[in-house]
Structures are given as C-alpha cells and as structure tokens.
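Protein chains in written order, with our numbering: chain V, 387 to 629; chain G, 387 to 629; chain R, 387 to 629; chain C, 268 to 527; chain X, 268 to 527; chain U, 268 to 527.
Just so you know, the hints here were simulated from the structure itself, not pulled from any lab data.
A portion of the hints provided could be inaccurate.
The calculated lysine-lysine pairs, modelled on BS3-like cross-linking and capped at a C-alpha distance of 27 Å, are [as the list claims (entries may be wrong)]:
1. X:317 with V:621
2. G:561 with C:308
3. R:554 with C:505
4. C:508 with R:554
5. U:308 with R:474
6. C:396 with R:474
The calculated label-pair distances, taken between Cβ atoms and stated as ranges, are [to be verified]:
7. X:345 with U:504: 48 to 58 Å
8. V:455 with R:564: 48 to 58 Å
9. X:308 with V:598: 24 to 34 Å
10. U:437 with V:455: 51 to 61 Å
11. V:479 with R:564: 37 to 47 Å
12. R:608 with V:504: 48 to 58 Å
13. C:299 with R:564: 38 to 48 Å
14. U:515 with V:479: 30 to 40 Å
Where a beta carbon is used, it is the ideal one built from N, C-alpha and C, also for glycine.
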Amino acid sequence: MKTEDVKLIDAKGIRLDGRKIDELRPIKIESGVLHRADGSCYLEWGGNKVFAAVYGPREAIPRHTQNPLRAIVNAKYNMAAFSVEDRKRPGPDRRSREISKVISEALEKVILTEQFPRSMIDVAIEVLDAEAGTRCAGLTAAGVALADAGIPMIDIPVGCAAGKIGGKVVLDLGKEEDNFGDADVPLGISPRTGEIILLQMDGHLTFDEFNTALDYAIEGCNKVSKLQKEALLRKYDTIKEGK
Amino acid sequence: MKTEDVKLIDAKGIRLDGRKIDELRPIKIESGVLHRADGSCYLEWGGNKVFAAVYGPREAIPRHTQNPLRAIVNAKYNMAAFSVEDRKRPGPDRRSREISKVISEALEKVILTEQFPRSMIDVAIEVLDAEAGTRCAGLTAAGVALADAGIPMIDIPVGCAAGKIGGKVVLDLGKEEDNFGDADVPLGISPRTGEIILLQMDGHLTFDEFNTALDYAIEGCNKVSKLQKEALLRKYDTIKEGK
Amino acid sequence: MKTEDVKLIDAKGIRLDGRKIDELRPIKIESGVLHRADGSCYLEWGGNKVFAAVYGPREAIPRHTQNPLRAIVNAKYNMAAFSVEDRKRPGPDRRSREISKVISEALEKVILTEQFPRSMIDVAIEVLDAEAGTRCAGLTAAGVALADAGIPMIDIPVGCAAGKIGGKVVLDLGKEEDNFGDADVPLGISPRTGEIILLQMDGHLTFDEFNTALDYAIEGCNKVSKLQKEALLRKYDTIKEGK
Amino acid sequence: MTLVPIIKRDYIVNLAKQGKRIDGRKFDQYRNIEIETNIIKKAEGSARVKLGNTQVLAGIKMDVGEPYPDSPDSGVMTTAAELIPLASPDFESGPPQQDAIELARVVDRGVRESQVIELDKLCIEPGEKVWIVFIDIHILDYDGNLFDAASIATLAALSTTQVPATRFELGEDYPLPIKEPPISCTSIKIDDFVMLDPILDEEEIADARLTVATDNNGDLRAMQKGLNGSFTREEIQKVIKTSLDNGQEIRKHLYKNLGK
Amino acid sequence: MTLVPIIKRDYIVNLAKQGKRIDGRKFDQYRNIEIETNIIKKAEGSARVKLGNTQVLAGIKMDVGEPYPDSPDSGVMTTAAELIPLASPDFESGPPQQDAIELARVVDRGVRESQVIELDKLCIEPGEKVWIVFIDIHILDYDGNLFDAASIATLAALSTTQVPATRFELGEDYPLPIKEPPISCTSIKIDDFVMLDPILDEEEIADARLTVATDNNGDLRAMQKGLNGSFTREEIQKVIKTSLDNGQEIRKHLYKNLGK
Amino acid sequence: MTLVPIIKRDYIVNLAKQGKRIDGRKFDQYRNIEIETNIIKKAEGSARVKLGNTQVLAGIKMDVGEPYPDSPDSGVMTTAAELIPLASPDFESGPPQQDAIELARVVDRGVRESQVIELDKLCIEPGEKVWIVFIDIHILDYDGNLFDAASIATLAALSTTQVPATRFELGEDYPLPIKEPPISCTSIKIDDFVMLDPILDEEEIADARLTVATDNNGDLRAMQKGLNGSFTREEIQKVIKTSLDNGQEIRKHLYKNLGK
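Just chain V, with the same shape it has in the complex (with noise of 0.2 Å):
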C-alpha cells in the first residue's frame, strides 16, 4: 500500500520522526519486573510496550509432546485486544500464530536445550502497545527474560529491523515507514556469532538493498544487545547493592 502523498523522507535522509537513516528508535529495556514469572522483561521499543515472561524449565505436558532428547521452547505471542487501533478480538490468531512459531524456533537455536530432555521452557510475549516491529521486540524482550530466568543459553537473542523507504534503506521501521515504506526485513540473530536466526522479508528489494539492509539490521541488533546486556546487569547491581 504505497502512496505518493506521504513523503517518510526527506532530501537529507531525514525520517518523518525526525531520525536519521540508520537510528534506532528510543528503547528502555527493565529485567525482572514480574513476580511469579521464572524470568521477565519489560521492553519499550518506540509505541511498542512489550512483556515477556518465562516459565520453566518443567515437565512437558501433555506428555506425548516431551523430547526425550531436548526440551522444547514454546513461545506464545500475543496481543492485547487494546493495542491497536481498531479493537483485534483477544486470542490468538492466524497471524500471532505464525509470529509464535518462528520466535520460538529462533529461540530454540540458542538455548541449550538438551540439558533440560523432556522438559518444555514457555515463554509469553505479551504486546500491549503495538506500533510496528512487534515481533522483532518480542523476540528480544524473550532473549532478556530467558537471561533473568537463568535458562543456559549459547548466546542472548535480540532482533531488529530495516526496511525501505522513499527509496531508501533503514533501519527500524516506525509506523508510516511500515505501512507505506517499499520493503520490512525483520532480522533476528545470536549477537556472539552474528548467526542469523530470524528473517523475513516483505516488499521488494535489490539484492544489493537487500544486503544493506541486512548489515543495518545486524548493526541494529549489535545496539540493542547492549541495551539487553545493560538492563541485566542494572537488575544485578540493584541486587548487589541490596536495593
């Protein structure tokens, strides 16, 4: 859904939110801020307002469903009836679907699995305010709640997007950028290695777009790890320090 009236760019690469091609939207990232969750996450990515919590690992149930080999992670993402503009009915849809499954496959890469045989990890990833990119948050507030949870994982996951706009590539997309931009390439990797372990694409891309746009994206998600890195070691000294 292109339109030429809206300009989301300017001569001097300047966004309709006033950033500059490759910056980030603002992000505030807090660890361990519920109760009852093993581990949690509380994330503000631009209007987004994300939580995610993590329980486990325990038994899997129904049985039928344990690995005898490795746990299994189950993501589940979902968003509030209130988070959009026109109310979305509650439950999970068609799309959340599909946004559980490749986050829980993303997450399945990093954790260590096999120390846990016929165990689940469940994770909740819970969108209350949602303005584009989603899934990427999502799958970045998992990565910090896993961490607080102490599950043993090679890496922290953490994701980012870019896109194309005005015929520009850049990076986090906001809201007009993704609904009228030319091009979303969600990226999720394992900061250490840089493997990739999320991605999608929509839109349409030149192969160069496309790897620059990757680059953004993976220099995107090297920022946000340290902003997960520090949230972790903030709730750490505050424990330290006996607050």
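Take the given structure of chain V and dock chains G, R, C, X and U to it, following the hints.
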C-alpha cells in the same frame, strides 16, 4: 432495568402473582425420575422446569484431573435452547459456565468427597423451562438427585433467593420481579447447620435490607428443604409398598 | 425441490445427459496414485473427482480410543472448498461428519479388524470436484485404496446409487437428477455376498419402486466392482512388467 | 469395555435363539409409547415422548429472519440434537459429537424431505422476511432407539406448535402449517436376529441398524442404515414390512394423542 | 500437587492461630495499591493496578455499532478477561477457562448493574448507531485477589477514557460519562480465619472466598461467594463490614490517583 | 521418534560429505515439476503441481462481497491451506495447525505483497461490491517442500482463473487480471550443507530452512526463514543466488505450461 410503569407490589404487600412478601412460588419435587442416571430429580418451581441427574462416583477422566485425596464434582448447568423467550444457542455459554462453577463448589462442600479419591461425580442440571431463579432451582434439584444416588453427604444442599422489589425485601423473585426489581440474592445453604455454600448479590441493598433478605432466603431454603425430604421419602415409601 | 420445468427423462427413457435408465456415468479408477500413503486411489465418476488414501494399521492414538479386540477404522470424508458451485468453508461440517460415520461403519464390516487389536486404520477421502453421488464414489475409492494398501478384507467394498426421476427408477443420479429428482438411494455392498453395508434413502418411493432401485443399485455396484478390480490388476501388471 | 459386552452379547443371542428378548418383548414388538405435548411454556411447541425408559423432549422455537437466497419464498428450518450428560454417563456437554450429528440429520431429513412443515406457507415478505423454525431435541433418558423417540417427539411438538405472530406484531397466532408426517421405525440385527425398537442393552451389541420412515400410503420416505454390520436383501424387505406395520400403529397413537 | 498444599496450609493456619499472616499483614489489612492510568496509547482508556505483587492492566476500546433490539437507545458494553500465560505457569492461551469467565462476569456485573457507564448517554442514533465499550482485562502478574485488582483497574481505566468521537467523525472527543462506582473487596476464609485481600499462597489453600462491592453510601451493590467452603451468617456480616471500611479507603485512593 | 531421525541424519550427512543427496540430485538441483491446469470443473481456476512425489492442488473460487472499509475500491483475497490426512499420516482433519497456518500465510504474502492479483481491478461498485478471490490449497501427497509446490500451484491456478461474471449477472466471464508473479525457491541447511528443494527425508532432519521469492528482474520479493537452526550471512547470500537462478527456470517452465 427498573421501570416505574410496572407496579410489582401493592400497598398491602401483595405481589403481581398474588403472593405475599415471604411466600414461595409453587414447588413440586420428584426424585428417581430417570432410569439411566444413578440418581435423579425433576423439579417444578414456579415456571421453572428442571431435571438433575447424578452419575458416579467413577474414576475421573482424563487422568490428569484426578485428585488423589478426594473426588471432584462436575456440575453442568445447561439451558435448553427453547427454555427462554428468544431461542438460546445450544451448548454452554459464559453464564452457564459461571453457574456450573458456583454450583460445583457448593456441592463439593456437602459431599464427603474424601471417601472417593481419584473419582469424579457428575451432576447434570438441565433447565427445560426458565423463569427466574434457575440457579437455586438447579442446586435444589442437584441435592435431591445426589441423595437419590446415595452419594454420602453431610446434608442435602438447598437453594432459594430473596430480593427487593418496589422498595420491599421479598422472598423468591418471579419473572417480572427479576426483570424490574431492585436486587436479587440467590442463596444456597447446608440446612442442618445453616452454613452458606452459595451466595451472590446483584442490585442495590442497604446493609439492613441485605440482612433481611438473607433471613428470608434462609427461611425459604428451610421450607424447600422439607419439600426435598418429602420427595425422597415418597420414593422410599413407593419402593417399600412395592409399587 | 421438484420442478415441472425440468424434463429429466424423455419418453424413450433417455436422460438429460443421454444415458439410459440403467446406465452408469463414465468411471475411471486408478490405484496406487499417491507416494506417501500406504494405499491410494484416484476415481473419476461423472463429474466427481475423488482421492482416497489409507494409512495403517498403526497403534491407535489417543490411547483411550484403542479397542483391545480389534482395529478401529476412521474414514474422513472431506470436500475441498472449491469442489462445489458456492465455495464451502474448509474443514468438517455436519454433512461430512455423517458421511464419514456411515462410510467408517461400512468399511469396518469388510476389514478383518480382529487381526489388528489396539490399532487404527485411517482412510482419507477427499472430494476435489463434486457432482452427485460423492458418498458412493468415496466408498468405492476407499475400497480400492484399502486393497492397494494390502489391508486384509473379506471383500472390496463398493458403492452405487439408484434413484427416481420423472416417475422412473434409474441408476446413478447425475447432478440435475439429484437436485430435481424424486428419490435417491445410495447403496454400499460387499459384492461377493451381496450383503448391504451402506444404505440410505431420501425422497418418496413405493415399496416396489424401492425394490427396483435396490436391484439397479446392486447391479451398478457389481459393474463398478469390476472396474475396481481392473484398476488393481492394472497396477499389478504395471509392476510385473517393470514399468 | 471388552468383556462385559461379550458376555452381554452371548446372553442376548442365547435368549434370541429361544425366540426371546431380555425385556420379554417379541422381536417385532414396539415398546409402549407415551406422548405429552405443550409442556414447555417458553416454547412455541413441545412434546415429551417416553419409549419404554427412553425419554426425549423436543422443543420448537420460531423467529423471524431472512430466507436462503436460493428459496426466497420459503421459511427456514434447522434441527439440533443435544446428547446432554443428563441422559447417559457417556454423553458430554460441548460441541455435538458424531452420534448427535447423525441423529439431528436423520430427524431433519425425515421432516425436510417429506415437507412435513409447509415452508412455502412461512414466507412473510418474499426475499426479505420468513419464519425460521428451530427444532431442538433433548435426550433426557437414554435406553435405546433415540432415532424413533426423537422423531416422534419432533412430529408431536411440530403438531402442537403455534406460530407466535402476535409476539412479532404480525397478526394473530396460528397453528404451524404441517402435512401428514412419515413415521420412523428402527430395527437392529444381532447375529441373524432382527429386532424392532431396541433397548440400550441390545443396541450396544447390535451388528447393524436400519431406520425406515413410511407414510400413510405405505410408501417409503427415508431410510438410514447404521453400525458396522450388514443386512441381506431379504432382511431389508422384512425390516421394511415390520416398519410399515408398526408405523401405522404409531401414527394412530400419535394422532389419538394429538386429539385428531 | 497434594503434599505441598497440605504443608503450606498447616504453616498458614499455624501462623493464623498466632494472629499472623505470611506477609506480615493483619487479617483485615489490604495490600498497597498502585494505580497508573493512560499508559496505552492505542487504547481509549487504560490503567495498570499493582496490588502488592499482583498486576492487572485494563484497556478500554470504543467502536460504533448497533444497539441491542431490546434497548435501542443504549450503548453497549462487553467485558473480557484473559488469563494470559505471562502471569502464571498455570494460565494457558486459547479460549477463556472457567476462572477467566467468572472473573470477567464478576467485573462486568460490578460495572453493569451499578450503571457505572451511563450507557443511555452513548446513543448516537436511536435503534441504529450507539457506542460500544470494550473492557479488556489482562492479568500481568498473579499473586492473588484478581477480582479486586481487575475491578479497580477497570474503574480507573473507565475514569480516564475519552470517547473517540473525532476518529469516527462524530464531533470532538469527550470523557466517557460515568457514575461513581462501587468498590469490590475480597476476603477468604481458611479454617475459621477470615483474611482480607489474599495473596496467592493464601488463595490456593482457602476454603471459601467472598467478594463484596459497596458504594459511597455504605450500601451493598454486588456479592460473589466462591470456592468449595462455606461461611456462617456471622462471618458474612463481618466480611461485609471489613469490605465497607476498606472500600472507602480504596475509593479515596482511586480518586486521589485520578486527580479528583 | 528419536533414534530413527538420528540414523537418518547420519546417513544424509555422510552422503553430503561425499557431495551426494539420497535421491541422487545435486545440492542446487530442483526436482522435476509437472503442472496441470483447469482440472476442477467447479473451480474458477485450478492447478495440480507435482514436485517429485509432492503433489499440491490449488483451487480458486470467486464470489461477490463487500470490500474492507479501509480499501473500498479493492477486491479481497484470502488464502487457506488444508494439510488433509490424505497427504501424510501426521496430518489431521480439523482446525488448521501451526504448519498449515504458516504455509497459507507465506503463500498469501507471496501473492498479496507483490500484488499478483490486481485487486484494484476487482471493484464492482466502490465501497459496496467487489470480487472476492478465495485461494484454497490442498496437499495431496507430501514429500517435502510444500512452500514451493503450493506457491507454484497457486500461481498456475490464478493464471488460468476466469472471473465468473456471467454467474453473477455482471457481464461476460473474463480472465482474472494478474501481474507477473515472483517465484519461491526453498533451501534447507543440514550441518553446513545447503540443499535446494528438499524431499521429506531431508526436511525432517533439517536445521534451518529459507524460502526466497524473486522476480523476473532478479529482485527479492519475499523471504521466510524457518526451523530452529541458523544461517550465516554468507549462506543467506548463497541461498538467494541459487533461488534467483532456479526461479528463472521455474518461471520459464510455468509460462510454457500456461502457453505464454
């Protein structure tokens, strides 16, 4: 939905259907009316027509619902599609699920569930014709059906509502009284001890009015309790006399 | 929905599509058409296009469905959304559930289920293009797929309908005949013994007409039975000749 | 689950060899039928049928709605059956199971295909507003032969239904226009024995079941074979004849009850 | 599943005999309440309530739709609660379970029966177009007493809701017309001890639960008993009195937060 | 469930180390594709695609309905996939599972985002009546790579679809207006080996999957990574290049089949 046009009670305290303030609608109870069930009851209460059937105790399925220390009680309250003015979609809805829950909880209080670990006791309550007060009628019928099934109980549970119409506290609301009245207080008790096992309230009552309503409802329960016992005895007599 | 405007059969007993009273629509049967299935069949019968696939016998799941004395047979009849004039919602509906049930029961009669206690045999019947008589076509295709899977049977089951149009009993109703005819009698038999394993009737027939319809349908079944066996032999020949 | 039916089956077959049934009836003898009508105040029509210990309640509700696009001048009918947990320890609440669906569809076809309800007389405004007839069947007590009990209850309920025109401000209430209905009779087969109107113990071990609906002229109006056994051509003939005979008796009984 | 609750119960009852609760509160002491409003940009109104460690978020969305036929001049309200797996290892995604349904229905009745939302002021065109108010309750962290937390969050969210008239080209946005709401207070009973505002550990082993909603005049507006234990008449009186007292405190706290 | 895949995996990896695949293909070699169109009389368009032993049928139905409020001048499209029990012992009837949903959504995006169907030409009366295009995908035989097979079948079915204007009394039938479609190519990764167009045995033990849709200009139009493994940046490049090359071949094959 109050309306000033309907005069629910006149100056002499006589209600639309000719009843006095503390008078019950006509009630008819029969026990042992179904062949297949382990215990059963047919109850007419004003315009309400209700069947209850008991199956069990038997092994609880699925297995993961079993409680190793006691039986679980599954009351299922259901309204026939044709039991109300505008046809109801068949099957459970939110209202019937809530009523099933509060009746199950009330019954668990009186049944000696510890005698049947890992078991379930199913109580089906079927409202065929509905006219105000079906949850109390359902609890009352369930009590008779449980006794008819020989399920060990500390007491036969019984229900009756009180409410407020035209500014006066009255016993056992009828149809218009329920629609246009000021408050409704459905109550369930264990009649020997007077312990309250089911209680809800909707509407607007002062503290004193509530206490009066509670008195009325308890008195109503006691009257209905006698009818329950008479119905059970009647069946016993019939059997004794070899009819 | 009879109509006098449609003349389904002329004075000489010739039907709308040129068929005689006791003539089948063109039928084409192929066995072993699917790679994954243990046995399969593709059937064209007039405008009907039907696939059948057999999986099993294998351990029945969930376990509580197991019968310790014999295999259970689960036939699933399904119509593709695009198989009918007005798109059908995908997935099972009441009609397809009923047909699944009567076909499952018919198949259980001919399969030697006692040889496979605690097992299940799944038979998927997929109607891709529909034009009257799909349940008989489905039963016929299922019979071939079961034989192709090497499931031990007392006989290869076969189905064919008769009916009444314009006052005359005829074999194998076509589309308009089904819509505007007077009666339809789908029949399934075990052809060696002539035992009736599936029988339904809708419409209006005298006792004598019904007997004629039964004769026609049995004769039709016998003809289709030959085509089934030819299809199975053809595959065997193909294998023998190393094609 | 496995031994009990075998023992029960042996018992029933042995009795049958002596020409007997467990409740003392003859093979072609129907159970006693009791019909009570108009027992549900909230329904437009209702009937409770007892077939021995089997009890079924049918209730009719009517509403005003849109016709189907392909029959703009016709009223609409729908049939639903609930096998509620009241009637049997094996029935569960929730979405209807295969058995409930088959039951509803067989009763529905019995009414629809024979045009028992004169749907063409239920048009209010062509293409816009027609009467909708909801048939709801509740099984209260399950001791076999639900098809016949549900079918008789439905016919009795329809026969006493008043179109609630007043409630919808469409004039005076009037009786639902219906035609003479066909009557369903169900038989089962156990080994080589064919028995009419089975009780639950018989039904549970039956090999095959055949329901035949016949009309007042002795014509056939619907048939449904069930279960995983078979019938021979001759057995089918015999079942039809028994159904014709008993159908007439049931029809008389139904009419007497309806005061016709 | 069986031993842990027994040990927990013994521990809590023993403490209770000494007049103590596991988190140090008095029997009739409410936990600290934190209320944050208007935190969801996409919602017409929202509030997050922390009741100790329990956290609930209520969001209000509004839409334009048709009124119910029996109240053509009235807006429409619906309430849904999701016990999302974020809040507890025992909550599952999918269709709402019995607990979520009871929660939504109790909150809904608290708003509906006391006419907190002035639905008669939400008519746009009689019989044609009215405002629909969707109340959605999300449990974020579950440490007991969801009824009160959800009820307070709903009232706070409603109090800050703006009718989105601009978006629907129906004039300027304006505050949702609401009346002074009743306040819910929940107590539980363990053995003979009655405790206000239970935490999860207490709730899990409770015998009975009673929620009482009271208004500013000290009148009763709703009540809901839960769980498989009983209350005596005297205990009910006592719970009502505690609810009245604490209701007033919560009301003050709510108003202060809403800047009233 | 656990040993078989391990043995299978060892076998496939060992072969791969020798540069071989179990069916003898090269790593970047596509299976033979057979396309048959217009095989379903009742459908407006249809195609059966065989990709080796994998068989998929796509059928297109059209109807007249209302547009979405936010695009009143646009036709509507929906895509559903059924993993029917015909195609695999692991598929079940009933509501679509996660795999079927992902499949339908990936095919849907491939058509929708590249505007293959010219929805703006499917408006009949702005804001009132538009054409609705239903894409239904049936998996008939499952031997791996459903994404590509379903995508090719859908494109072939759309290419031969006739808008049924006559049936709706809207003039003469005419071909569905479509644009040149992108072509999907799927690769999997096992250990460090990347293989194009996996068969089921390969797919079952794969670590990661990448589907890349490319257009006639060599541009990228959609991408979807799946499974719980990862790709390096370089592997992604390589997969894209293979997809570009093979996409051109498949495009030619498709056009030839469609007589273009």
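Against the structure, the hints come out as follows:
1. A threshold of 27 Å between alpha carbons decides the hint, and for residue 317 of chain X with residue 621 of chain V the separation of about 20 Å falls inside it, so the pair holds.
2. Between the alpha carbons of residue 561 of chain G and residue 308 of chain C the distance comes to roughly 13 Å, so the proposed pair stays at or under 27 Å and holds.
3. For the suggested pair residue 554 of chain R and residue 505 of chain C, the alpha carbons sit about 24 Å apart, so the restraint of at most 27 Å is met.
4. Note on residue 508 of chain C and residue 554 of chain R: the hinted pairing holds, with a Cα-Cα distance of about 23 Å set against a maximum of 27 Å.
5. The hinted pair formed by residue 308 of chain U and residue 474 of chain R meets the criterion: a straight-line CA distance of about 15 Å does not exceed 27 Å.
6. Restraint check: the Cα-Cα separation between residue 396 of chain C and residue 474 of chain R comes to about 25 Å, which is no more than 27 Å; the hinted pair holds.
7. Under the hint 48 to 58 Å, the C-beta atoms of residue 345 of chain X and residue 504 of chain U, about 51 Å apart, fit the expected range.
8. Hint check: residue 455 of chain V to residue 564 of chain R, Cβ distance near 55 Å, so the stated range 48 to 58 Å holds.
9. About 31 Å separates the C-beta atoms of residue 308 of chain X and residue 598 of chain V, a value consistent with the hinted range of 24 to 34 Å.
10. For residue 437 of chain U and residue 455 of chain V, the Cβ-Cβ distance of about 59 Å falls inside the hinted range of 51 to 61 Å, so the restraint holds.
11. Distance hint check for residue 479 of chain V and residue 564 of chain R: the Cβ-Cβ separation is about 38 Å, which falls inside the suggested range of 37 to 47 Å.
12. One distance hint, 48 to 58 Å for the beta-carbon pair residue 608 of chain R and residue 504 of chain V, holds here, with the actual separation near 56 Å.
13. A C-beta distance of roughly 40 Å is found between residue 299 of chain C and residue 564 of chain R, which places it inside the suggested range of 38 to 48 Å.
14. For residue 515 of chain U and residue 479 of chain V, the Cβ-Cβ distance of about 36 Å falls inside the hinted range of 30 to 40 Å, so the restraint holds.
This entry satisfies every hint, going by the numbered hints stated previously.
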